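We have chain A already, so just place chain B on it with the hints.
One letter stands for each residue in the lines below.
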Amino acid sequence: MSKMRILLAVWGVAALAVAAGGPRGAVRAATVSAITSWVHQGTTAEVAAFGAIGRASSLPTFQSACGTKPVTMEGYFETGFPDIVDLTQEFTRQYPNVKWHIREDQFAIITQNAPLTLSGPNPPDLMRLPQVSGLVHDRLLKNLDGYFKAYHWDRFPSSQLASIRAAPSGRPRGSGPLWAMGVNFSLTGVFYNKTLAAKIGMTTVPTTLAQLDALLAKAKAAGITPIVQFNGGATGGLLFPLQQLMAVYGPPGPINDWIFDKPGATIDTPSNLAATEHLQRWIKAGYFNADANATDYPTMMSKFEHGGGLLIFDGDWESGNFDKVMPGKVGFFLMPPLHAGGKHAAMSAPLTYGIAATAKHADCAAFFLNWVATNPTARKINVAVGGSNPGGPPDLPIPAVKPGSVTAQTLAAGKVIARENGAMDFIANATGAIYAQAWTPEVQKLFAGRETPAGVLTTVQAAYVKQVASGQ
Amino acid sequence: MTQTTTSAPRDYRALSRESASRALQVRVRDVRLRGWLYVLPALAAYGLFVLWPLIQTFKYSLYLWDGVAPPQWTGLDNFKTVFSDPDLVSVLEHAFELIIFFSGIPVVLGLAVATVMQRLAPRRLSAAARTVLFLPQVVPLVAAGIAWSWVLSTSGVVNQALSAIGFGGVTRAWLGDFGTALPAVGMIGAWVLLGLCTVLLLTGMSKIDPALYEAAQLDGAGAVREFVAVTLPGLRQEIGVCVTVTVIAALSAFDIVYISTRGGPGNATMVPGLMIYQLAFFNREVGLASALAVVLMVLVLVCILPIQWLTRKGSDS
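Those protein sequence lines, which keep their order, are chains A and B. If you use our numbering, the first sequence corresponds to residues 1 to 472, in order. If you use our numbering, the second sequence corresponds to residues 1 to 317, in order.
Extracted from the complex, chain B is given alone in its bound form:
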């Protein structure tokens, strides 16, 4: 930040007290105004592409509308339908089930992998492993979905591997079987998000003061005790970020599900994102789709805000 010249005189002692404080006020207001001008273009874009559609969605959710004909006012009926129609309720349940896979696995496995990489792996191997683990984040979700649908098909790599080690009886079309379709989709998401969590946690681990580890060792702590007492608390914020990002990804999942199963078989993998798309563009029920979108947004906030509060609370201690 460079010091810019202002029109106020530098030598305040030369002025009366009153005019000096006025000059100071002008200077402060000037700085604030400049701050707003820096932010305004981005704020305008945000308003146009995020806030305005959000307000429009709220509006649409109060009407019955097919997208072309004049809309009919219906108040909160669409919201009532979202919570009473068993098909729509099961869709919300599926979203929560996906959290186990999209969030639980990347965080837990990520902690394990990061610990191993930090403690045991030499620097170059660790860097290479980090790159490889992060690659799924760079691959477009559509490509990941297509590739995984081949891997999980009847003649795909997973079944081939299972047959090779003698588990030929377990093989099936993982994405076409009612019982395994949702977990299979969850595994695809876990694969995509594992790298992100691993890198985040690894970075977080490198920030922990080594003196804490020394102190723990002096107190006679073993590896597990060290992990629980030093590493985990030190990673509080990183875990918070990881959980936040992955929970949002789970609740708003669309790309992976659309590409791999389209919500099938039956409605076994129907998730809110896909249901909104189908309601709006195929059933032409824009009002109901908007209501479901609003409910999804509220659910995301309900899940994320406590996590944020929990993981930020202890950060000052």
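If we strip away everything but chain A, and leave its shape as in the complex, we get:
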């Protein structure tokens, strides 16, 4: 009989354990929904309060934002970006009662986890965000308009923050409440290997598209792979040269409208078709590495760093890396326009960080974001480690970098883009699923000769219309 008693005991414990999980889960869910509704009711009150603070004193103080007791901030960041981690460490050095508990994941994992993490029981105070439309639609992000007023972020150029504004329904983007901040502002263009460039007699950077075509032909004739680009797996890296060509053949405005889901916007335009055909000419001429469809981003970087190609289409988040790994051997130029003296355009996006709607230390997170943009030491770290423009008020100086370094070149190019108003968001960000579902398979098929340029644009536009309508 003793065996039976043991069995009954085991069964009883198991049943209790299962039952305990149930009610607790229900209580947790009820608490979260209660807090969420309270926050939404409270937002209007908060805006009024911050507005009052803004009028009364110049900016919120550290004490008012983070308090005097020890605080542990929850951070959820992207792997491979030491910039933000260094910034949090500097913040703790300056304000010792604030500690950070940081979790890091790859961008694809962040994309898939974002809704669950933000709606969970311990949401991050500061989180690297993928495309925001869906998260705004599900009311998972804190409306930052109150902080915008309190910290006078209207001093920052409005175009910096345009892509992280969205209507409360999630789309269109480009205007409406502010849902995130940019910690720095990346810039894309063309990096080239100076050693290989010297081999083919390249003395100046190309200033027109025709000159770039000639350069690629020269490299091919000399037996050098003209462009090493990633296009494998789930990442269609040919979008970088494609979007650069689109902005060469047409103005960046309509492209931004499409990315921001403005009603009636379309990617299927004659100038975009011309751009896609130009890319196809490059593919057919063999200017890309033959195995691009099997090359992922780290492999592309590795190939370029080992002299496997003359050019890559990439962004200044790699500037610091190049300065370390290939010092003095890498040059940068913006995509040249059609005609000499024409305007330049480039993909330039904020590295978006947001605050969960139910975050416990939202005020302190907002104070941190303002600190990143305005504190001199923070800006120095941002540029040195992040390699990108730190944003913020244009009257604050951009910290000096070593002349001739890749970072110096990309920062100078950033000034050109700002002056010529040529900043675009990435076409991969138009909807949550357009990159993985439409763009990547289409450019992979284009590369393999299984799709026509017109087919790429019509397929992507059809997927875009479907996804925008269903709220993705």
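The hints are simulated quantities; they were obtained by calculation from the structure and are not laboratory data. Bear in mind the structure is a predicted one, so any value in this text is a computation, not a measurement. Virtual Cβ for every residue (Gly too), placed ideally from N, Cα, C. Any given hint might turn out to be false.
[What the hints assert, rightly or not] Simulated crosslink set (DSBU-like; lysine-lysine; CA at most 30 Å straight-line): (1) B:Lys59 to A:Lys466; (2) A:Lys466 to B:Lys80; (3) A:Lys99 to A:Lys360.
[Claimed, not checked] So the derived label-pair ranges between C-beta atoms look like this: (4) B:Leu51 to A:Ser175: 43 to 51 Å; (5) B:Thr81 to A:Tyr297: 28 to 36 Å; (6) A:Gln106 to B:Arg29: 53 to 61 Å; (7) A:Pro298 to B:Glu93: 26 to 34 Å; (8) B:Leu76 to A:Pro157: 49 to 57 Å; (9) B:Asp85 to A:Pro263: 21 to 29 Å.
[Claimed, not checked] Listed next, the stretches of chain B that the computed footprint assigns to chain A, with coverage defined by at least 3 CB atoms under 8 Å from CB atoms of chain A: (10) 61 to 72; (11) 176 to 182; (12) 263 to 270; (13) 276 to 284.
Just chain B, lined up with the frame of chain A:
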């Protein structure tokens, strides 16, 4: 199984007939109850981690849901989409194509290897070969996928070997080429599953009564005739298990495809497991993902049940 003491008296002859049969009934019920108690903890875990999510998936498949906002009822629309959207239909086709590689190669090659090992190899060599062949089963699928993606890359071992024997013109990025990506993924799966089938079939062969082989030889059968008439029928159940396991692995493949190609290039290697993951977590279409999962489960059952029936049918004869 030890005999436990019960409260019923042992000497039934001392009781009336009625009370004896009642005591017997109590004893039988007691044994049955004990059996249930042994099973209940495992059954509870199974119910919680398998049956409950299964029921939830059925439920989700009837709604349009993005995982956070309130769900909208949509009935069987998700299932209609699964069978009408060409992208999703091609995904199911890819799963069936993988069966050729995940199932066909391990079973056929496994039979050949097992026959050779049993007939020709000395005992120690056979044991060593068995261990080596089974190792892929022990390697985590993620590690296998990463290693194979290096082997199959443009500068990988496969291309190096081909160039060395003069087939340099055939070399390519096997996992990045539209025509060869799915077969390449299939080869990775075949490598993983070959050892399992070989060991299973070898064990099965050792169970076949040697007298049958003697009888066949006396009747004048050659090696091939022996194989077809004695070995294959004797291995019916093992082949059944092998085919079942490998077909399930083919239809539910995820790890290998995720690591090596992520479903690319284009959608050439997109399989149902990966599509469900993408639909649920990137497209935030939990309802459609659940519908695809239900369809996949039904397909697996449709494939496996006939195999089970076929390979079990003759086992009593």
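Tested hints:
no.: 1; hint: B:Lys59 to A:Lys466; in the structure: holds (25 Å)
no.: 2; hint: A:Lys466 to B:Lys80; in the structure: holds (17 Å)
no.: 3; hint: A:Lys99 to A:Lys360; in the structure: holds (14 Å)
no.: 4; hint: B:Leu51 to A:Ser175: 43 to 51 Å; in the structure: holds (49 Å)
no.: 5; hint: B:Thr81 to A:Tyr297: 28 to 36 Å; in the structure: holds (32 Å)
no.: 6; hint: A:Gln106 to B:Arg29: 53 to 61 Å; in the structure: holds (57 Å)
no.: 7; hint: A:Pro298 to B:Glu93: 26 to 34 Å; in the structure: holds (32 Å)
no.: 8; hint: B:Leu76 to A:Pro157: 49 to 57 Å; in the structure: holds (52 Å)
no.: 9; hint: B:Asp85 to A:Pro263: 21 to 29 Å; in the structure: holds (26 Å)
no.: 10; hint: 61 to 72; in the structure: holds (count 4)
no.: 11; hint: 176 to 182; in the structure: holds (count 3)
no.: 12; hint: 263 to 270; in the structure: holds (count 5)
no.: 13; hint: 276 to 284; in the structure: holds (count 5)
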